[in-house]
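K.L.:
Read off the chains here:
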Amino acid sequence: MFRQASRLVSRSITAKSTTNRAFSTEVPSTIDSSFVEAWKKVAPNMDPPQTPSSFMKPRPSTASSIPTKLTVNFVLPYASELSGKEVDMVIIPATTGQMGVLPGHVPTIAELKPGIMSVHEGTDIKKYFVSSGFAFLHANSVADIIAVEAVPLENIDASQVQKGLAEFTQKLASATTDLEKAEAQIGVEVHSAMNAALSG
Amino acid sequence: MAMSILRREGRRLLRPIAAIRSPLASSDQEEGLLGVRSISTQVVRNRMKSVKNIQKITKAMKMVAASKLRAVQGRAENSRGLWQPFTALLGDNPSIDVKKSVVVTLSSDKGLCGGINSTVVKVSRALYKLNAGPEKEVKFVIVGEKAKAIMFRDSKNDISLTVTELNKNPLNYAQVSVLADDILKNVEFDALRIVYNKFHSVVAFLPTVATVLSPEIIEKESEVGGKLGELDSYEIEGGETKGEILQNLAEFQFSCVMFNAVLENACSEMGARMSAMDSSSRNAGEMLDRLTLTYNRTRQASITTELIEIISGASALEAAK
Chain A
1 MFRQASRLVS RSITAKSTTN RAFSTEVPST IDSSFVEAWK KVAPNMDPPQ
51 TPSSFMKPRP STASSIPTKL TVNFVLPYAS ELSGKEVDMV IIPATTGQMG
101 VLPGHVPTIA ELKPGIMSVH EGTDIKKYFV SSGFAFLHAN SVADIIAVEA
151 VPLENIDASQ VQKGLAEFTQ KLASATTDLE KAEAQIGVEV HSAMNAALSG
Chain B
1 MAMSILRREG RRLLRPIAAI RSPLASSDQE EGLLGVRSIS TQVVRNRMKS
51 VKNIQKITKA MKMVAASKLR AVQGRAENSR GLWQPFTALL GDNPSIDVKK
101 SVVVTLSSDK GLCGGINSTV VKVSRALYKL NAGPEKEVKF VIVGEKAKAI
151 MFRDSKNDIS LTVTELNKNP LNYAQVSVLA DDILKNVEFD ALRIVYNKFH
201 SVVAFLPTVA TVLSPEIIEK ESEVGGKLGE LDSYEIEGGE TKGEILQNLA
251 EFQFSCVMFN AVLENACSEM GARMSAMDSS SRNAGEMLDR LTLTYNRTRQ
301 ASITTELIEI ISGASALEAA K
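Protein chains in written order, with full-length UniProt numbering: chain A, 1 to 200; chain B, 1 to 321.
Calculated from the structure, these hints are not laboratory results.
Treat the hints with care, as some may be off.
Each pair of labels, with its calculated beta carbon distance range [to be verified]:
| hint | chain 1 | residue 1 | chain 2 | residue 2 | range |
| --- | --- | --- | --- | --- | --- |
| 1 | B | N283 | A | P60 | 30 to 40 Å |
| 2 | B | V178 | A | A175 | 15 to 25 Å |
| 3 | B | K110 | A | P60 | 35 to 45 Å |
| 4 | B | E165 | A | A175 | 53 to 63 Å |
| 5 | B | D154 | A | E121 | 31 to 41 Å |
Cβ-to-Cβ under 8 Å is the rule here; a few derived chain B residues that face chain A [as the list claims (entries may be wrong)]:
| hint | residue |
| --- | --- |
| 6 | V123 |
| 7 | G133 |
| 8 | K136 |
| 9 | E165 |
| 10 | K168 |
| 11 | A210 |
| 12 | Y234 |
| 13 | L249 |
| 14 | E251 |
Taking lysine-lysine pairs in the DSSO-like style, the calculated list, with each CA pair at most 30 Å apart, reads [said to hold, decoys possible]:
| hint | chain 1 | residue 1 | chain 2 | residue 2 |
| --- | --- | --- | --- | --- |
| 15 | A | K69 | A | K41 |
| 16 | B | K110 | B | K136 |
| 17 | B | K220 | A | K41 |
| 18 | A | K57 | B | K168 |
| 19 | A | K127 | A | K69 |
| 20 | B | K185 | A | K57 |
| 21 | A | K85 | A | K69 |
| 22 | A | K57 | B | K220 |
| 23 | B | K242 | B | K100 |
| 24 | A | K40 | B | K122 |
| 25 | A | K163 | A | K127 |
| 26 | B | K148 | A | K113 |
| 27 | A | K41 | B | K185 |
| 28 | A | K41 | B | K100 |
| 29 | A | K57 | B | K68 |
| 30 | A | K171 | A | K57 |
| 31 | B | K185 | A | K181 |
| 32 | B | K122 | B | K52 |
| 33 | A | K40 | B | K59 |
| 34 | A | K171 | B | K62 |
| 35 | B | K139 | A | K113 |
| 36 | B | K99 | A | K40 |
| 37 | A | K40 | B | K185 |
| 38 | B | K59 | B | K220 |
| 39 | A | K41 | B | K59 |
| 40 | B | K110 | B | K139 |
For each residue, glycine too, the CB sits at the ideal point set by N, CA and C.
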């Protein structure tokens, strides 16, 4: 009941609550108006469901001049490793090779292959080994990197990598079905990339 | 005569409480053998015992749900950053008009969790009405036993896939991506609409619908312009064609959004169960208070009856002397 009351209050004040300070119990409202209208025609007694855009913070717009810093959001399924961090440069392992990203980069969608991603902030360089994923570079100098699995390079154990590489090479040699071959191939690729990362 | 009136009084007080009369009525009749003292206090005592047990059980269930909630809540909040880059790139288009929509309904396997499953089913049905039309069709993919039970009754023909026992093992990304893969392989779709309860707080759960478009629709929309119009300005790095990258992108987006949705739904289930069990134990406590009062009243009534008997017997003897 109290949820309804707060929603009515927020609706009666304004649609955009950016200037008003929102209560902590206030519920965001669906932003897409055509959806809300279509919904009201079909189910007038039910409140329309939320959509993900109402839960997101709005993104900065494209600046006219190139900004000095790149904003990086690096997310993994179980954690947001970096969110909104301002850095000078990132180097990402795209399928076409290592790609350097500076502020003002052309908007790009890049698919990632297993390799090292390094984040450069002044003289600080933080390296992660990334298994695979996607990277979106937007016109407003925001870089979104979504990886399935990423570990800082310090946490990788070299002896385990060697063992894994040997194991998967052997599996690849003895694979019979296409599925087994594909799985072994992936294992070999990832382990050799890790090996290269540790040595290089 | 006075005794029978008092006996009737006691029974009248108990009538609003005792719902099941037949097995208990036999113990009423036994009171003649055991003496007037046991006038239906046995009945009330049994009822009090069962209500107290129920209270203990619901309190325990609340504790269990609270501890499970603590465990899942951290992971759900950490996974919230996962779908945001996709929405920033591709936008959020719940009102998109497509030929084949698939509604993925997430619900729980176990019950006693309040109204969250029925709200999800109501939203799914409304989405069906919204998107069904002369050339358009809507299919359901149901995750969870509870929604399956409800939807089977009327929408049996439209259900293409059901998945149960998702929460038996702790959720992880690999398991959810296998599930997403299954759905993508077996169901043809232009747009996937995932309906789940988003965990806003321990007492508030918001039904949410997240839309994932197929790569063909993304290409069509980006050519037409509008919300996805900016997509064309993005260069594609890697892969031979734009179509290939968009295919991988759509699949990755689906598995990421599913992962977050499944975690949020699990959190909402635990939170709803906590509040349901909490109100249940509070109700049981109130019921116990009322029963205790009634018990004391009937006990005191029977004691008074016995006293009257004794005193009237004594005074009769005195008068006879």
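K.L.:
Does each hint hold? Answer for all of them.
P.N.:
Hints and how they fare:
{"no.": "1", "hint": "N283(B) - P60(A): 30 to 40 Å", "verdict": "51 Å, violated"}
{"no.": "2", "hint": "V178(B) - A175(A): 15 to 25 Å", "verdict": "21 Å, holds"}
{"no.": "3", "hint": "K110(B) - P60(A): 35 to 45 Å", "verdict": "44 Å, holds"}
{"no.": "4", "hint": "E165(B) - A175(A): 53 to 63 Å", "verdict": "32 Å, violated"}
{"no.": "5", "hint": "D154(B) - E121(A): 31 to 41 Å", "verdict": "57 Å, violated"}
{"no.": "6", "hint": "V123", "verdict": "5 Å, holds"}
{"no.": "7", "hint": "G133", "verdict": "11 Å, violated"}
{"no.": "8", "hint": "K136", "verdict": "13 Å, violated"}
{"no.": "9", "hint": "E165", "verdict": "21 Å, violated"}
{"no.": "10", "hint": "K168", "verdict": "19 Å, violated"}
{"no.": "11", "hint": "A210", "verdict": "5 Å, holds"}
{"no.": "12", "hint": "Y234", "verdict": "5 Å, holds"}
{"no.": "13", "hint": "L249", "verdict": "6 Å, holds"}
{"no.": "14", "hint": "E251", "verdict": "11 Å, violated"}
{"no.": "15", "hint": "K69(A) - K41(A)", "verdict": "47 Å, violated"}
{"no.": "16", "hint": "K110(B) - K136(B)", "verdict": "34 Å, violated"}
{"no.": "17", "hint": "K220(B) - K41(A)", "verdict": "27 Å, holds"}
{"no.": "18", "hint": "K57(A) - K168(B)", "verdict": "34 Å, violated"}
{"no.": "19", "hint": "K127(A) - K69(A)", "verdict": "19 Å, holds"}
{"no.": "20", "hint": "K185(B) - K57(A)", "verdict": "33 Å, violated"}
{"no.": "21", "hint": "K85(A) - K69(A)", "verdict": "9 Å, holds"}
{"no.": "22", "hint": "K57(A) - K220(B)", "verdict": "27 Å, holds"}
{"no.": "23", "hint": "K242(B) - K100(B)", "verdict": "23 Å, holds"}
{"no.": "24", "hint": "K40(A) - K122(B)", "verdict": "14 Å, holds"}
{"no.": "25", "hint": "K163(A) - K127(A)", "verdict": "23 Å, holds"}
{"no.": "26", "hint": "K148(B) - K113(A)", "verdict": "39 Å, violated"}
{"no.": "27", "hint": "K41(A) - K185(B)", "verdict": "33 Å, violated"}
{"no.": "28", "hint": "K41(A) - K100(B)", "verdict": "21 Å, holds"}
{"no.": "29", "hint": "K57(A) - K68(B)", "verdict": "29 Å, holds"}
{"no.": "30", "hint": "K171(A) - K57(A)", "verdict": "46 Å, violated"}
{"no.": "31", "hint": "K185(B) - K181(A)", "verdict": "21 Å, holds"}
{"no.": "32", "hint": "K122(B) - K52(B)", "verdict": "35 Å, violated"}
{"no.": "33", "hint": "K40(A) - K59(B)", "verdict": "40 Å, violated"}
{"no.": "34", "hint": "K171(A) - K62(B)", "verdict": "49 Å, violated"}
{"no.": "35", "hint": "K139(B) - K113(A)", "verdict": "35 Å, violated"}
{"no.": "36", "hint": "K99(B) - K40(A)", "verdict": "21 Å, holds"}
{"no.": "37", "hint": "K40(A) - K185(B)", "verdict": "33 Å, violated"}
{"no.": "38", "hint": "K59(B) - K220(B)", "verdict": "54 Å, violated"}
{"no.": "39", "hint": "K41(A) - K59(B)", "verdict": "43 Å, violated"}
{"no.": "40", "hint": "K110(B) - K139(B)", "verdict": "24 Å, holds"}
Hints 1, 4, 5, 7, 8, 9, 10, 14, 15, 16, 18, 20, 26, 27, 30, 32, 33, 34, 35, 37, 38, 39, counting from the list given before, are not met by this structure.
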